[in-house]
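**Q** What follows is each chain in one-letter form.
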Amino acid sequence: MAGVLALSAALSSCGVVGTADAVANAAPDAPINGPQGRVPQFIASCAVSHFAFDDPIVHPGHAGASHQHVFFGNEAVTASVGYDELLGAPTTCDQRLDTASYWTPVLLDPRGQRIDPTGAVAYYRPGAGVDHTTLVPYPPDLKMVAGDAEADGEQPLSVVAWSCGVSAVRSVVPTECPGRSTLRLLVTFPDCWDGERTWTASPDDRHVVYSSAGECPDSHPVPIPQLQLAVDHPPVDPDGLSLSSGAITTGHGDFWNAWDQDKLVNEVQNCLHRGITCNVSAN
Amino acid sequence: MTVSTRPRRIVGLAATLALVAAACGGDDDSPVATDPPPATEAAPDPTDPPDEDDDEPVDPDDGDAGDAGDDGDDGDDGGDGGDTGRSGIIEVPADHETIQAAVDAAEPGDLILIAPGVYHEAVDVTTDELTIRGVDRNEVVLDGEFELDNGIRVLGANGVAVENMTAVNYSRNGFYWTGVQGFRGSYLTSYRTGDYGIYAFDSTDGQFEHSYAAGSADAGYYIGQCFPCNAVIFDVISEHNGLGYSGTNAGGNLLIVNSTFRNNRAGIVPNTGSYQLCYPERETTIVGNTVHSNNQPDTPAISVALLAMGNGILPAGGVRNTIERNLVFDHDRTGIGLVPFLEENPNDVIPPPEDWDRPCDEQRLDPVADDVPESLLWDPSENRVVGNVVSESGEADLAVASAGTDLSTLGNCFSDNTFTTTAPTELETLAPCDGEGSGDWTDGDLEVIRWLGEVETRPAAVDYREAALPERPVLDNMPDAASAPARPAVDVPMTIDLDAIEVPERP
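Heads up: the sequence lines are chains A and B, in that order.
This note's numbering applies: residue 1 is where the first sequence begins, and numbers increase by one.
This note's numbering applies: residue 284 is where the second sequence begins, and numbers increase by one.
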């Protein structure tokens, strides 16, 4: 419990963790892994859009106020951009109507040099055990953060994990990968919404939490798709790596729903509700 | 084309709020999922009306439908003169301006008949047993303009047939079925797409025939994650794709016959991997195809296509496949190569051979192994290569290879082929399909593992939007497109007389 509370406190900078009644849902029950197709999904594969010392969720309107982030998806994102400006903007995602924005801290080598990601994959699925027919699309302009930018220790593997390529094996820090394997950072986002707010800055009053045992808590009764963001890096020696947010254990991710909302609704209905694997990521 | 997004946003928000209300309302008897998707009539898709001849609906009795292409091998083309009462027929744009609106309005058994024009749509189909047909294959063109994802996507709707039309410039797939039982794609043209051309995933009981696919980064044709698939690919052309055919974890009464795979990076590449369900790939039957010159350096390509480049028929980590009476020539590496797939970072372990007969529906429920190794070596096993005519291969006309496994233990066999070179040497003596083999399996080993190191020397993938492709050809229409009755995909797959298929003549 102490670890969970510490996590709650530490996550405060990202505005994710808060009230006592939701502590039990500060992380998924278990890491999400295994072959694709066991549960319905739709995905978007996105190239790097840009790098910036911005965080339009945590530090809106303050350019340069953040540690460095790598942005995927919507190309119009700045520290001060508004939701309406994102709609219809260009995207780096193969799903061109996915104009959402995704960002994470940047991986740094032992000399502090940036290791540029090769791309990212956004997996949208039901949370573990959640009835896929009950999922509600994210409301327009929903903002979420997952993981702890100020963690002073290991984070739950079910929220922030590393893997070699698409391996089912997860670890809390990067490990030596075989051969030419890429290194993947996985961030799993909350999948229960309070049904009202698109963002809460207060750590004591968060708008999204994680499901547990396939259920959303009464405080956050609306099941939403569970986004798992996977950021791929080229093969790299794991020794001495860090993140732009601090230690290698400070992994986190941000999501801003600026999807073409009709397309998002369509994908939730036609893929997730119907139990369909709408697409898979090959490797 | 300029499309306003405002009405769509409003509808999207409304739909979201409606779903939220349903989820938060506490009415356990009205789950969202059992409601049909909201009607989309109020939210037309980003579609222009046909911009060619858009001042008049097409006379279904006019044009060249019926003039071309009855090649005599499709004896089930109806031809009872059509339904002059138009009952069960929905015409685009006469009845509905968009294909999506017509599809949404249709009921099982209906025929959606599309007039010539360019349609900027990504059509989703969720109604069973529709027949969606272009009046003219070459002039009914769905154009994704590199922005839309799929030309036509069939989502869990069984028995949907798509016929006689063209899809171009989609960021993902031209024509796509997923999660269905019963599918048919006939007289289709897919051209310049980001993933696949004509594609069935997690689907059974279907066929692709009389079709053409070019310029896909992954594969022109794909049937994957099914066992038994009960599916046929017949009389298709696949060229200038990353792979001519790919089928991950597919097989079981899956026939690829009488088709042409040419000028792709690699030709026919059934393959295995644990990143999706129902491994390994098994029991694909590849007979009577013309497979040549699959060394094309300037196509779009996924990474696997770079690895597989320069091979004609290349089951990668596949088992119990039958490869017979194909004409295969002009490949930089192998004509027919049975090769391993070294899967790094897998999601499970290799199932034992006694599991290879288990249907996908059952196998997919298996729990994943707790202890997953760093890599898996999927060896090609128990494949039969018989009666093929193979020539002009840079490394070997016929080959079998592993990455350390004793090849003599894998149970592959080779007989009655016409060839010049093999790896190992004397392959038909080492591994005949009848009787005992003899010889030295280590002599002339292909050493296929070196291909992994050569990937970076292969010509780089070309952006699918810019790849140099042959001009989109004008191809045969289906017979009597404007008048043939609806024919949902409930009579699939077609029956193939495999014994009657001969090695094709060289083109």
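Honestly, the hints are just simulated from the structure, not real lab data.
For glycine and all other residues, C-beta sits at the position ideal for the given N, C-alpha and C.
Treat each hint with caution, since some may be false.
A few chain A residues that don't get close to chain B, going by computed Cβ distances all over 10 Å [as the list claims (entries may be wrong)]:
(1) 52
(2) 53
(3) 76
(4) 97
(5) 112
(6) 115
(7) 119
(8) 153
(9) 154
(10) 233
(11) 237
(12) 242
(13) 246
(14) 275
Derived DEER-like restraints, expressed as beta-carbon distance ranges [stated by the list, open to error]:
(15) 688/B x 82/A: 55 to 61 Å
(16) 581/B x 80/A: 40 to 46 Å
(17) 581/B x 89/A: 49 to 55 Å
(18) 687/B x 89/A: 49 to 55 Å
(19) 783/B x 214/A: 33 to 39 Å
(20) 743/B x 150/A: 38 to 44 Å
(21) 237/A x 709/B: 42 to 48 Å
(22) 653/B x 118/A: 26 to 32 Å
(23) 238/A x 757/B: 52 to 58 Å
Computed list of chain A residues with no C-beta within reach of chain B, every gap over 12 Å [unchecked claim]:
(24) 44
(25) 63
(26) 80
(27) 150
(28) 152
(29) 280
**Q** Go through the numbered hints given earlier and state which of them the structure violates, listing their numbers in rising order.
**A** Failing hints, ascending: 4, 14, 17, 19, 24, 29.
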